Amino acid sequence: MNAIGMLTNLLFFPAGLFVLVTGLAYEWVDRKLVARFQNRLGPRWFQPLADMVKLLSKEEVIPEGLDVRLFVALPVVALAGALTAALYVPLVGLNPAHSFPGDLIVTLYLLSLLTMCIGLAGANTRDRFSLIGATRTLTQLFSYEAPFLLALLGPAIVVGSWQIREVTAYANQHWLILTQPVGFVIALIGLMGKLELPPFDAPEAETEIVAGALTEYSGRGLALFRLGKGVELVIGLTLVAAFFLGGVANPVAFFIKTLALLLIIAGLQSLFARLRIDQAVGLWWRYGALLALVQLLVLIILRFWGWNGGL
Amino acid sequence: MSINLEKTFQDALEQVKTWARTNSPWLIHFNSGSCNGCDIEILATLTPRYDLERFGVKLQGSPRHADILICTGPVTRQARERLLRVYEQMPEPKYVVAVGSCAISGGVFQGCYNVIGHIDQVIPVDAYVPGCPPRPEAIIDGVIKLLKSLEAQEQTA
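So the protein lines, in turn, are chains A and B. Per this note's numbering, numbering through the first sequence is continuous, rising by one, with the last residue being 311. Per this note's numbering, numbering through the second sequence is continuous, rising by one, with the last residue being 157.
These aren't lab readings, by the way, just hints derived from the structure by calculation. Hints may contain errors.
[Claimed, not checked] Which stretches of chain B does chain A cover? Using the computed rule of at least three CB atoms under 8 Å from a CB of chain A, they are: (1) 10-20; (2) 44-55; (3) 60-67; (4) 84-92.
[Stated by the list, open to error] In silico negatives: residues of chain B with every beta carbon more than 10 Å from chain A: (5) E6; (6) K7; (7) G37; (8) T76; (9) R77; (10) I104; (11) V108; (12) Q110; (13) Q121; (14) P136; (15) I144; (16) E151; (17) A152.
Please read all numbers here as calculations on a predicted model, not as lab measurements. Don't be surprised by glycine CBs; every beta carbon is placed ideally from N, CA and C.
Isolated chain A, as found in the complex (with noise of 0.2 Å):
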């Protein structure tokens, strides 16, 4: 029995189908959020699963001079570690299908395997538009990280715990939002980060440098990178909206709120002109990790005189 219950969490909810089909939805939402903002039909809703489909039809090219193995195993690790992370969120407001003391940090880096994935792709073909892709994808890396990570710390400090469950537990009573904005903000705009979306879209730059780190990868390849990207925009937004939009306790809490992210996201999206990679750099180092910093210190010395996180 237990063997069932851990295979159908694998395969399909919360990790595997469930969280592919979200994501491929929200992917969907995102697009024709967007097509409207810029006065548009926007795509048909099956857009993403026929993208999906006929990338999966298609021929895989393989280009020469690079690592075989390591161009067919990273699309595999990426989308792997995309919907491991899913195991350890509160989809639709249920509790996480494993917990264990300590799994926001681990479900934090399952995240970045995606971006890191990308990174080694585009580093490990001959191109050099892949080559410039990667480095980009890398630096933003290394700058939006940080940030992302010391805004989502914020809540696990107040409660005191590293488990997502009791983090959310604590989250469903308070509003976060209202003693951390500065937390939220940069939580959300780090998401877009790491999701490449404009105008943080530097690392993959169709105008500059063609496809970015994902140039040389067709098919399979390709759809599998993209399906992990639909998978963390998904994850994404459950954290976000979990931590300080006052939790997601059943699923009409959860999709009205990640839905409400989506569309501040799409928002930002079609307001925003691209950054330059050395903008989108000191906008999160020179503000972001700044902010953040200020707000963490703030968190722990009001902890540290017995306030208990509320309002």
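With the hints as your guide, set chain B onto chain A.
Just chain B now, kept in the frame of chain A:
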């Protein structure tokens, strides 16, 4: 019986593939010596006014990601190698649309010392869009007709 089952499965798989292919054509645009008239029309086609994303069309930067190569202009001697290389880099199945009079016949550049000729002297072309330059509506029509012909091919096969 088991052979039949396998055949129905294969047919269903083919149908799903064709459905996906016709609903998600990603384009790449290559200019092999055009005067830029057709290129401007192609860019106009991709603007929000015509909104090709409602057919699932996306402009891709990398030939590795694209399904349809949109060619403009006659093929000059210098561009021939590049055109061939871009075509070879695209993964199967791939299709080519020739846009504009020059891409179809060489147009006014026919017989020029530096021009080889039209696109299908170098790579196989699946759809032709005439005009100098063709209107965005004509380009959309050409791509949609190519997709319709794919569906028809699948039904006859």
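Against the structure, the hints come out as follows:
no.: 1; hint: 10-20; result: holds (count 4)
no.: 2; hint: 44-55; result: holds (count 5)
no.: 3; hint: 60-67; result: holds (count 6)
no.: 4; hint: 84-92; result: holds (count 3)
no.: 5; hint: E6; result: holds (18 Å)
no.: 6; hint: K7; result: holds (18 Å)
no.: 7; hint: G37; result: holds (21 Å)
no.: 8; hint: T76; result: holds (23 Å)
no.: 9; hint: R77; result: holds (25 Å)
no.: 10; hint: I104; result: holds (28 Å)
no.: 11; hint: V108; result: holds (30 Å)
no.: 12; hint: Q110; result: holds (33 Å)
no.: 13; hint: Q121; result: holds (25 Å)
no.: 14; hint: P136; result: holds (14 Å)
no.: 15; hint: I144; result: holds (14 Å)
no.: 16; hint: E151; result: holds (14 Å)
no.: 17; hint: A152; result: holds (18 Å)
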